[in-house]
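**Student:** Next come the chains, spelled out residue by residue.
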Amino acid sequence: MKDPSQVIHDTTVRLLRKAATVLPKEIEEALKAAHAHETDETAKTQFSAILTNIKLAATGVPMCQDTGIMIFYVKVGDKFPFIGEIKDSLAKATRKATADTPLRPNAVNPIIGGNSGDNTGKKIPWINWEIVSGDSLEITAFPKGGGSENACILGMLKPGVGLTGVKKIVVDNAISYMGKACAPNIIGVGIGGGSDIALKIAKQQLLRPLNDKHPEPEVAKIEAEIMEAINATGIGPMGLGGKTTVLGVKVDYAMRHPASLPVGVAIQCWAARKSTAIISKDLDVTYLTHPVEGKK
Amino acid sequence: MTEYHLTTPISEEDARKLKVGDIVYVTGEHVYTARDEAHERALEMYEKGEKPPVDFEGSVVYHVGPVAWQKNGKWEIVSAGPTTSIRMELFEDEFLRKYSARIIIGKGGMGAKTLGALKEVGAVYCSFTGGCGALAAKGFKEVRAYLWDDLGMPEALWVITAEKFGPLLVTMDSHGKSLHDDMDRMVAARKADVYARIGIKE
Chain G
1 MKDPSQVIHD
11 TTVRLLRKAA
21 TVLPKEIEEA
31 LKAAHAHETD
41 ETAKTQFSAI
51 LTNIKLAATG
61 VPMCQDTGIM
71 IFYVKVGDKF
81 PFIGEIKDSL
91 AKATRKATAD
101 TPLRPNAVNP
111 IIGGNSGDNT
121 GKKIPWINWE
131 IVSGDSLEIT
141 AFPKGGGSEN
151 ACILGMLKPG
161 VGLTGVKKIV
171 VDNAISYMGK
181 ACAPNIIGVG
191 IGGGSDIALK
201 IAKQQLLRPL
211 NDKHPEPEVA
221 KIEAEIMEAI
231 NATGIGPMGL
241 GGKTTVLGVK
251 VDYAMRHPAS
261 LPVGVAIQCW
271 AARKSTAIIS
281 KDLDVTYLTH
291 PVEGKK
Chain D
1 MTEYHLTTPI
11 SEEDARKLKV
21 GDIVYVTGEH
31 VYTARDEAHE
41 RALEMYEKGE
51 KPPVDFEGSV
61 VYHVGPVAWQ
71 KNGKWEIVSA
81 GPTTSIRMEL
91 FEDEFLRKYS
101 ARIIIGKGGM
111 GAKTLGALKE
121 VGAVYCSFTG
131 GCGALAAKGF
141 KEVRAYLWDD
151 LGMPEALWVI
161 TAEKFGPLLV
171 TMDSHGKSLH
181 DDMDRMVAAR
191 KADVYARIGI
201 KE
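Residue numbers (this note's numbering), protein chains in the order written: chain G, 1 to 296; chain D, 1 to 202.
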């Protein structure tokens with residue numbers, strides 16, 4: 001019998017290492033396409049550096065020195081037998097991956113100062129729990145860099161400004177941070193719910209496949225409009241000019257209070273790192289974003 | 001867009017040749033990392049009349065908090081992409097005047113105070129592509145020292161021997177030109193068109 005804690009631990013260590021060193025295929029493809037699409041000389045130099053960097057990193061080196069603050073999205077089946085083992089295993093795996101990859105220690109105490117040195121500490125790694133029906137466990141490692149995180153915002157708009165006001169706050173934000181969030185970016189937008197809910201939804205959008213569209217045509221249209229508008233700014237990769245400022249804009253919503261129109265805006269840098277695996281009730285592991293070679 | 005291969009220490013004359021849009025690769029022993037705290041400490045030492053542990057004259061100062069580890073007793077920088085430079089705007093002009101560094105590297109550009117100092121001193125600001133930590137580390141042949149380690153790994157003063165470290169894109173030069181300022185103006189000029197796409201008339 002396999003040890004469930006060990007399986008969750010080992011799986012998570014691999015997820016963290018892969019996330020830091022190998023971009024999901026679809027992101028790399030999008031960056032290659034953007035490189036081909038650019039005509040601006042400066043933009044070309046930026047994309048060519050990014051693509052070379054991706055190649056070098058894939059040998060096992062963190063692609064960016066900011067290996068992020070540790071965030072997990074966990075979908076746990078209501079019949080998954082080892083729910084109690086998850087939390088500890090994720091924290092232990094974070095420590096191990098920090099030492100072995102290596103990852104930069106990025107967990108700082110905001111009250112008394114000091115870096116924990118191992119990427120864990122109070123409430124970190126942060127785990128977004130979701131209970132789903134089923135008997136398996138899905139873990140997504142989502143290390144989030146500080147530069148792009150600093151460009152995230154929340155707007156508590158007056159409902160009267162409507163969807164135009166929603167689009168405006170997203171576009172204005174992109175213009176205000178220019179390339180500082182390591183463009184080209186992926187932008188997640190959450191509308192409604194409440195202040196915390198809007199930001200939660202916004203960040204969850206960053207987990208969506210890059211080439212999908214929101215299933216509701218009205219929302220898909222907002223995504224397309226914002227993307228086109230931001231790419232028309234000419235901000236370009238790293239804010240140094242070019243056609244590609246965003247690779248994707250993903251929007252979702254919750255019902256809102258009649259008096260509120262919260263808008264959360266989550267910004268992801270081009271190094272859109274994530275890695276997902278599913279662990280079955282029998283402790284078989286399937287890696288989704290970073291499959292083990294020779295295995296499906 | 002001219003490509004330059006420079007060896008440190010870099011002369012004022014060489015630095016003044018560089019123009020916005022040029023690409024630079026740096027080789028040599030005068031390559032240092034410095035973020036907020038290292039800048040602050042270097043300036044404090046100057047005020048007190050103390051000599052910093054390295055020679056900043058003609059040097060390359062890189063805004064970065066690297067990932068490093070020790071292998072067989074020797075430090076190795078694994079990943080070292082640039083951090084946001086504007087935080088160092090508080091210190092950079094004075095740092096340039098006092099220590100005559102010739103190339104400042106980071107991301108996102110810097111402000112008017114730094115641009116003025118670049119002109120005065122004869123230095124440039126180069127952008128290294130954000131997030132390209134593995135590529136930057138490839139240009140670091142050797143870590144010679146890990147100084148001011150009491151500041152912690154990201155804020156410390158790392159002393160590096162570089163070999164073809166780049167591509168560094170000159171985005172602020174000693175002639176008063178800043179690509180970052182140009183970009184701000186260009187984006188502002190496009191704003192009406194951008195807004196029209198989301199149904200806003202200005």
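Some hints here could point you the wrong way.
[Stated by the list, open to error] Keeping only pairs whose Cα atoms sit at most 20 angstroms apart, straight-line, the calculated SDA-like set for lysine to any residue is: (1) K158(G) x G199(D); (2) K141(D) x K96(G); (3) K75(G) x G134(G); (4) K138(D) x G28(D); (5) K201(D) x M227(G); (6) K74(D) x E225(G); (7) K200(G) x E149(G); (8) K17(D) x K141(D); (9) K141(D) x V61(G); (10) K243(G) x K98(D); (11) K177(D) x K25(G); (12) K164(D) x L51(G); (13) K87(G) x K158(G); (14) K48(D) x K98(D); (15) K25(G) x A232(G); (16) K138(D) x D172(G); (17) K191(D) x A232(G); (18) K243(G) x R197(D); (19) K191(D) x V22(G); (20) K201(D) x D172(G); (21) K221(G) x K98(D); (22) K213(G) x R197(D); (23) K138(D) x V22(G); (24) K74(D) x P102(G); (25) K164(D) x K48(D); (26) K44(G) x M186(D); (27) K92(G) x K44(G); (28) K2(G) x K87(G); (29) K96(G) x K191(D); (30) K243(G) x G21(D); (31) K191(D) x E225(G); (32) K141(D) x M1(D).
Note that these hints are calculated values from the structure, not bench results. Just so we're clear, the structure is a prediction, and the values are computed from it rather than from any experiment.
**Student:** Against each hint, give a clear statement of whether it holds in the structure.
**Tutor:** Hint check results:
Restraint check: the Cα-Cα separation between K158(G) and G199(D) comes to about 18 angstroms, which is no more than 20 angstroms; the hinted pair holds. Taking the CA atoms of K141(D) and K96(G), the gap is near 27 angstroms; set against the 20 angstroms cutoff, the hint is violated. For the hint linking K75(G) to G134(G), the alpha-carbon distance of about 10 angstroms falls within 20 angstroms, and the restraint holds. Of the supplied pair hints, the one linking K138(D) and G28(D) holds, its CA atoms being roughly 14 angstroms apart against a limit of 20 angstroms.
A distance of roughly 18 angstroms separates the Cα atoms of K201(D) and M227(G); the hinted pair therefore holds under the 20 angstroms criterion. With a C-alpha separation of about 52 angstroms, the suggested pairing of K74(D) with E225(G) is violated against the 20 angstroms cut-off. Simply put, K200(G) and E149(G) have alpha-carbon atoms about 13 angstroms apart, close enough for the 20 angstroms limit, and the pair holds. With a C-alpha separation of about 26 angstroms, the suggested pairing of K17(D) with K141(D) is violated against the 20 angstroms cut-off.
For the proposed pair K141(D) and V61(G), the alpha carbon gap of about 16 angstroms is at most 20 angstroms, so the pair holds. Restraint check for K243(G) and K98(D): not satisfied, since their Cα atoms lie roughly 40 angstroms apart, outside the 20 angstroms limit. Restraint check for K177(D) and K25(G): not satisfied, since their Cα atoms lie roughly 39 angstroms apart, outside the 20 angstroms limit. Restraint check for K164(D) and L51(G): satisfied, since their Cα atoms lie roughly 18 angstroms apart, inside the 20 angstroms limit.
Restraint check for K87(G) and K158(G): the C-alpha separation of about 39 angstroms exceeds 20 angstroms, so the hint is violated. In summary, the hint linking K48(D) to K98(D) is supported, as the alpha carbons are separated by about 13 angstroms, within the 20 angstroms threshold. Taking the CA atoms of K25(G) and A232(G), the gap is near 26 angstroms; set against the 20 angstroms cutoff, the hint is violated. Simply put, K138(D) and D172(G) have alpha-carbon atoms about 37 angstroms apart, too far for the 20 angstroms limit, and the pair is violated.
Restraint check for K191(D) and A232(G): the C-alpha separation of about 9 angstroms stays at or below 20 angstroms, so the hint holds. Taking the CA atoms of K243(G) and R197(D), the gap is near 16 angstroms; set against the 20 angstroms cutoff, the hint holds. Distance hint between K191(D) and V22(G) is unfulfilled; the C-alpha atoms sit about 36 angstroms from each other, more than 20 angstroms. Distance hint between K201(D) and D172(G) is fulfilled; the C-alpha atoms sit about 14 angstroms from each other, no more than 20 angstroms.
At most 20 angstroms may separate the alpha-carbon atoms for a hinted pair to count; K221(G) and K98(D) exceed this at roughly 54 angstroms. Distance hint between K213(G) and R197(D) is fulfilled; the C-alpha atoms sit about 19 angstroms from each other, no more than 20 angstroms. At roughly 17 angstroms between alpha-carbon atoms, K138(D) and V22(G) fall within 20 angstroms of each other, so this suggested pair holds. A distance of roughly 15 angstroms separates the Cα atoms of K74(D) and P102(G); the hinted pair therefore holds under the 20 angstroms criterion.
Our distance criterion of 20 angstroms between C-alpha atoms is broken by K164(D) and K48(D), whose separation comes to about 36 angstroms. Restraint check for K44(G) and M186(D): satisfied, since their Cα atoms lie roughly 19 angstroms apart, inside the 20 angstroms limit. In summary, the hint linking K92(G) to K44(G) is not supported, as the alpha carbons are separated by about 41 angstroms, beyond the 20 angstroms threshold. About 18 angstroms separates the Cα atoms of K2(G) and K87(G), which keeps this hinted pair within 20 angstroms; it holds.
The hinted pair formed by K96(G) and K191(D) fails the criterion: a straight-line CA distance of about 48 angstroms is larger than 20 angstroms. At roughly 18 angstroms between alpha-carbon atoms, K243(G) and G21(D) fall within 20 angstroms of each other, so this suggested pair holds. Distance hint between K191(D) and E225(G) is fulfilled; the C-alpha atoms sit about 15 angstroms from each other, no more than 20 angstroms. For the hint linking K141(D) to M1(D), the alpha-carbon distance of about 27 angstroms lies beyond 20 angstroms, and the restraint is violated.
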